[in-house]
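Undergrad: Sequence:
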Amino acid sequence: MRKRLTGMAVVVMLLFSAGGIAVAANPGTTGQPNQSCEEQPMTPGNAATATGSAFNPDGTAGTHYAGEQPQNSNNPASVSQYDVACFQVSQR
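Position in the sequence shown (first residue = 1) + 997 = the working numbering.
There could be a bad hint or two in this list.
Unchecked claim - What follows is a set of in silico ranges between Cβ atoms, one per label pair, in the way DEER data are often shown:
id : residue 1 : residue 2 : range
1  : 1042      : 1010      : 17 to 23 Å
2  : 1000      : 1047      : 36 to 42 Å
3  : 1057      : 1008      : 18 to 24 Å
No lab work stands behind these hints, which were simulated from the structure alone. Note that the structure is predicted; figures quoted are calculated from it, not measured. Just so it is clear, CB atoms sit at the ideal spot from N, CA and C, and this is done for glycine as well.
Work out the full structure: start from the sequences and follow the hints.
TA: Here it is, written out as structure tokens:
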């Protein structure tokens, strides 16, 4: 009985943890969603202070963001997953 309850609890936790992914906003188009992280009023969790986060302009990602480097800024095909993260924050 205890193993069954433990198993059911694990399944319920997995279902709830996947729920956030299932309801996350999707840009729904191809290419960059053209969202700027600086224009968003909030950041998820402690993302503004995380060194590798797209939401921290002074961190590592702020200097390596697609389009920030001279070789990327002139390339219209230069895309980044950070754009999707910024889009999802804008939908909250």
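Undergrad: Just to be sure I understand the hint, the distance between the Cβ atoms of residue 1042 and residue 1010 should be within 17 to 23 Å; is that true here?
TA: For residue 1042 and residue 1010 the Cβ distance comes to about 19 Å; the hint holds.
Undergrad: Just to be sure I understand the hint, the distance between the Cβ atoms of residue 1057 and residue 1008 should be within 18 to 24 Å; is that true here?
TA: Hint violated: Cβ distance 37 Å, outside 18 to 24 Å.
Undergrad: Between the beta carbons of residue 1000 and residue 1047, is the distance compatible with 36 to 42 Å?
TA: Taking Cβ atoms as reference, residue 1000 and residue 1047 lie about 38 Å apart, which means the hint holds.
Violated hints amount to a single one, hint 3; each of the other numbered hints is respected by the structure.
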